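Line order of the protein sequences matches chains A and B. Sequential numbering of the first sequence, starting at 1, is according to my numbering. Sequential numbering of the second sequence, starting at 1, is according to my numbering.
The set of hints was computed from the structure by calculation and includes no laboratory data. Predicted model, so just to flag it, every value in this text is computed and none were measured. One or more hints might be untrue.
Unchecked claim - Once the Cα atoms are required to be at most 16 Å apart in a straight line, the calculated EDC-like pairs of lysine to aspartate or glutamate come out as:
no., chain 1, residue 1, chain 2, residue 2
1, A, K99, A, E23
2, A, K217, B, E196
3, A, K326, A, D268
4, A, K9, A, D28
5, A, K224, B, E129
6, A, K217, A, D138
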Amino acid sequence: MTEVSKPDKARLVELLRRFIDPESVIDDAETQRPYECDGLSMYCEMPLVVVLPDTVEQVQQVLRICHQHSIPVVARGAGTGLCAGAMPHAEGVVLSLAKFNRILSIDPLARSARVQPGVRNLAITEAAAEQGLYYGPDPSSQIACTIGGNVAENSGGVHCLKYGLTVHNILSVEMLSVEGEKLSIGSQGLDSCGMDLLALITGSEGLLGIITEVTVKLLPQPEKAQVVLAAFDSVQQAADAVGGIISRGIIPAGLEMMDTHAIRAAEDFARAGYPGNAQALLLCEVDGTIEEVQEHIAQVEGLFASFGATSVRTSQSETERALLWKGRKSAFPAVGRISPDYYCMDGTIPRSQLAHVLTEMQRLSGEYQLRVANVFHAGDGNLHPLILFDANVPGEFEKTEEFGARILELCVQVGGCITGEHGVGIEKIRQMPIQFNEQELLQFNAIKDAFDPAGTLNPGKGVPTLRHCQEYRSLETKTMPPSTSVKGAA
Amino acid sequence: MADIVPLLQQQILSARDQGTKLNIIGGTSKAFMGRVASGDPLNVGGHRGIVSYQPVELVLTARAGTPLIELVAALDEHDQMLSFEPPRFSAASTLGGTLACNQSGPGRPWWSSVRDQVLGVRLLNGRGEHLRFGGQVMKNVAGYDVSRLQAGAMGSLGLITEVSLKVLPRPAVSCTLAFDLGLEDALGLMNRRAAEPKPLSAACWLDNRLYLRLSGAPAAVDATVRQWLGQGERLDDGDAFWVALRDQKLAFFAGKAPLWRFSVNPTAANPALEGDWLIDWGGAQRWYRGDASMAQMQAMAEAAGGQVSLFRGGDRQAEVMHHQPQALQTLQQRLKQSFDPDGVFNPGRLYGWM
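With the rest of the complex left out, here is chain A:
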């Protein structure tokens, strides 16, 4: 399969420019620079070439050439990912799908939209709005992130407890195999015969194929949404209140918790009126019909009071609802103001373990002498500790990464997982053997082999090879130097 001589960079560029607009085959360092990393910017690499094809046939051709010569291919959407999943390969091609940015059709009656992979998440909702519809998953990067990347990462957002993840909100994908062969997976129906390949592809981090089209489900916009803000004197009380709501049979549209560091930073930044002395804050959004929201909001207010909330405030207008959310939504940049850098983690834990995990995290915070602020998708147990550090202090980033790894181990110990929504990429590949044993990792590798025997699709990401695992187990934590500060959003 492999040609006798692998083309060098100049030859590869020439091959690609035969069928792609020469300006869309980027081979100079300066123009390539924006592609050297994704949202997790301390992991950087310069690729051999960046290509921005604008037809599926061109993508096929790129894949055929790369397959023939065993050249790594790293697919890329908007580059907002937070696990270095889109970090280039030094000897590979970055395949940007940015030009595939058209919404092909919206079917309001069937409540679906057919879109190209480079369409932004929010653009789908905006386009569907006039039909009274929207796309459910809303990662914080939704202004910029693309649906292709959402499929690759199985992205969530603040509304997933009620509305699900990407895997629950897509009907089908068109994709290309590593050989460039077209595959249609899923249908316009709600399921297809046989094993669920659509689920397997979703969240596969670009390791199994290249998505060229996605059909998403659209949901009717709720008639009404209201948010309740409640302050508590302890994290345990707030966690109990979350349990109380769920036990009462209410599934909130969003249920977010912030700890004291995050509250103060957010309030200083957004002036949303968050009580500055609270130890924990809950934001609980309820949506649905007007009558349903009325009924549930009254129950939520009562529950919060009964669980010892020191203050309870319910949005009385859309403006007030937006203001109350503004604090939460700006929590990350707000934390960025109280620290030169921060590192965002992404474990998931059973909700009942929250107080234990936060206490343990505070202990680790003392051990590493690094502050940590927490924002928590409380409804679904997805925790985002933000470790505050200064990349200019020698050794501090390495310490931060080690602290982060300890947090992820803690999440697995209490029955959770190492990543709830950001993906494994390169960042968490060392933690994969904590969550999975060797046989399980071998099974993952066998799945990869079924799609990509030569291993050229996004190599080195997502799933460690067994060789990797053994190395990781014996290896002390070795990290790359941070080249820029680390900012991320969830």
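Guided by the hints, dock chain B onto chain A, whose structure is given.
For chain B alone, kept in the frame of chain A given last:
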């Protein structure tokens, strides 16, 4: 309440050594599904029991051989439910079989499918390795989604031994409305209603009647009933209708005529095929009774944007699932190989070529 994994593991390893095949059996309630079974029985029915259930976490983990009715009883105590309303073709229907056959009931378009609610599985692969994928938390993107891949695989990738599921609170009230409507009008109305932000939870058409179920907070259901009722009728025994639909106990499902299942675009014009039709899932799942050729049915399903399977009856030596293009066929064979290199599990049950 027994853990019989070591026994199951031993049976798999010995079949592998001896080059024999295994036919996975749970409660035998879905023996009619798929192609005709072959191989020695591998009975997972004894591997049963709830492993953990924390109502406040909305997560339940149970062994694959646990009967659905046992799960439902446990959930009932906490006013929670299996939101995908799995069919109970018999009292013995199991959790593992429900996932392997991807079976979900009338609420599926609004309350998710079994595939949607799966959070994790444990599974014995063809090498006899007992593996754990996914987990017991709502959000988990570490590794490939092997858990949901099992939905519809009919055991071809391994023996599911344990399943973790997201469960949901039972809605406070439900109410069923019925309207006299022809098929085309009913299809149009169910889709228009589904596009409204109202507490619709099931929509079915049968015998020139459209049935809509509303579920949720009492005030929301009452208000929607007032808006939607019009010339319709509010049924007293609505729940009984949905249970009979779910378990295929309605008269429509009786008798020997082949039962075809179309999974299609909910708005697609119904295939021009004379005979008995039942429309469920707001138009996305359509049932047909009668003799027809697979090729003819596939063409109609594709025209409607979806796929067809011969669900029950008819020729089960032939293919009963929608044709797979060559590239997908090869891919699925390779996947099968990756889980079950010696082809021990359920040979030919899903497709003749697998």
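Do the hints match the structure? See the list:
For the proposed pair A:K99 and A:E23, the alpha carbon gap of about 13 Å is at most 16 Å, so the pair holds. Restraint check: the Cα-Cα separation between A:K217 and B:E196 comes to about 14 Å, which is no more than 16 Å; the hinted pair holds. The suggested pairing of A:K326 with A:D268 holds, with an alpha-carbon distance near 12 Å, which does not exceed 16 Å. Distance check on the hinted pair: A:K9 and A:D28 sit about 11 Å apart at the alpha-carbon level, within 16 Å; holds.
For the suggested pair A:K224 and B:E129, the alpha carbons sit about 50 Å apart, so the restraint of at most 16 Å is broken. For the hint pairing A:K217 with A:D138, the CA-to-CA distance comes to about 13 Å; that is within 16 Å, so the pair holds.
Checked against the numbered hints given earlier, the structure breaks only hint 5 and satisfies all the rest.
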